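Trainee: Could you build the full structure based on these sequences and the hints that come with them?
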Amino acid sequence: MDPRSEVLLRQADLFQGSLLLTGLPADDLLNTLPNARGWSWHAGDFAALDARFAGRTHFGTEAPGEAFDAAVLFLPKAKDLTDYLLNALASRLQGRELFLVGEKRAGIEAAARQLSPFGRARKLDSARHCQLWQVTVEEAPQPVELNSLAKHFEIEMEGGPLKVISLPGVFSHGRLDRGSALLLENLDRLPTGHLLDFGCGAGVLGAAVKRRSPDMNVTLLDVDAFATASSRLTLAANGLEGDVLTGDGIDAAPHHLDVILTNPPFHTGVHTDYAATENLLRKAREHLKKGGELRLVANSFLRYQPIIEQHLGVCAVMAEGQGFRIYRAKRA
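Throughout the sequence shown, residue numbering follows the UniProt record's numbering, covering 1 to 332 in sequence.
I should point out that these hints are in silico values taken from the structure, not numbers from a laboratory.
Note that the structure is predicted; figures quoted are calculated from it, not measured.
The C-beta atom is built at its ideal place from N, Cα and C for all residues, glycine as well.
Mixed in with the good hints there might be a few duds.
[Claimed, not checked] Lysine-lysine pairs mimicking DSBU-like chemistry, simulated, CA-CA at most 35 Å apart: (1) 163 x 289; (2) 283 x 79; (3) 123 x 77; (4) 104 x 123; (5) 77 x 163; (6) 123 x 163; (7) 289 x 79.
[Claimed, not checked] Simulated DEER-style distance windows between Cβ atoms: (8) 148 x 31: 36 to 46 Å; (9) 148 x 252: 41 to 51 Å; (10) 212 x 12: 14 to 24 Å; (11) 109 x 290: 22 to 32 Å; (12) 192 x 247: 20 to 30 Å; (13) 62 x 188: 35 to 45 Å; (14) 289 x 143: 24 to 34 Å.
Mentor: And the structure:
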């Protein structure tokens, strides 16, 4: 059981009514709280929860339409995403209870101050290196439209600037990160055909390739619904077409690919997590055509090269700079 869920269950008498668990972990909490439902935007967590508790978890960037008497938000990593989610919940909870739970190292004490617009927040519990906070919503705010919170920026490219639109919670929200910038400088000699932008975030890489090579078939994949919503906005802003998929890692990707292009994540929330990238490296061969190429940018300290060579073939360092390396390997 996730430690945040354990803290909730220390106060289980508060959570017996109609409850919405927002950003909940894929653990046994729904089994313990039979009147609760979930809201998830992580495709892997949603799939695991839906397999065990069919029909009890809503997936997407918008709150479910069904009514609820109280809500718990499991603190996400990004402050701006927390603001959006708290607003979405509080707007539906006039005179009722809103709870916030999170790990101390994730900044739960500071995040609790984000409850102050809705009423006087109080700490209910502190255990398992986590805290649980509560506020009675004294005046429900007007719900904020998600797209109104998008950040816009441009990347200079041949043929004119590429417009990028990112939503709260998306990696490198509102700016181009250094790893993607290095990869954008090294897009030459990509095979033609079908390209996958794995871990697409706001869609920077996939959109840039489609702009450079309009005949390329581009698929963008991410585990996070806010990321894929951002990618759709980025493609639309530039008049580009591409398939955008929300799925749990490389297993959700098409087969017979000519290229996998990626700046893969290695964090889940505040936790270091290499699982998605290591699974990609183990299974890239299954998704690439013979002669298909993996091109990946990563922090220089991450030892991906031996894993790539073990599962795919000879791996070369194509470029490096500012603490990043681009690895290039072809399926034999």
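Trainee: Each hint: holds or not?
Mentor: We went through each hint and held it up to the structure:
no., hint, result
1, 163 x 289, "holds, 31 Å"
2, 283 x 79, "holds, 34 Å"
3, 123 x 77, "holds, 20 Å"
4, 104 x 123, "holds, 13 Å"
5, 77 x 163, "holds, 25 Å"
6, 123 x 163, "violated, 43 Å"
7, 289 x 79, "violated, 41 Å"
8, 148 x 31: 36 to 46 Å, "holds, 37 Å"
9, 148 x 252: 41 to 51 Å, "violated, 29 Å"
10, 212 x 12: 14 to 24 Å, "violated, 55 Å"
11, 109 x 290: 22 to 32 Å, "violated, 54 Å"
12, 192 x 247: 20 to 30 Å, "holds, 25 Å"
13, 62 x 188: 35 to 45 Å, "holds, 40 Å"
14, 289 x 143: 24 to 34 Å, "violated, 46 Å"
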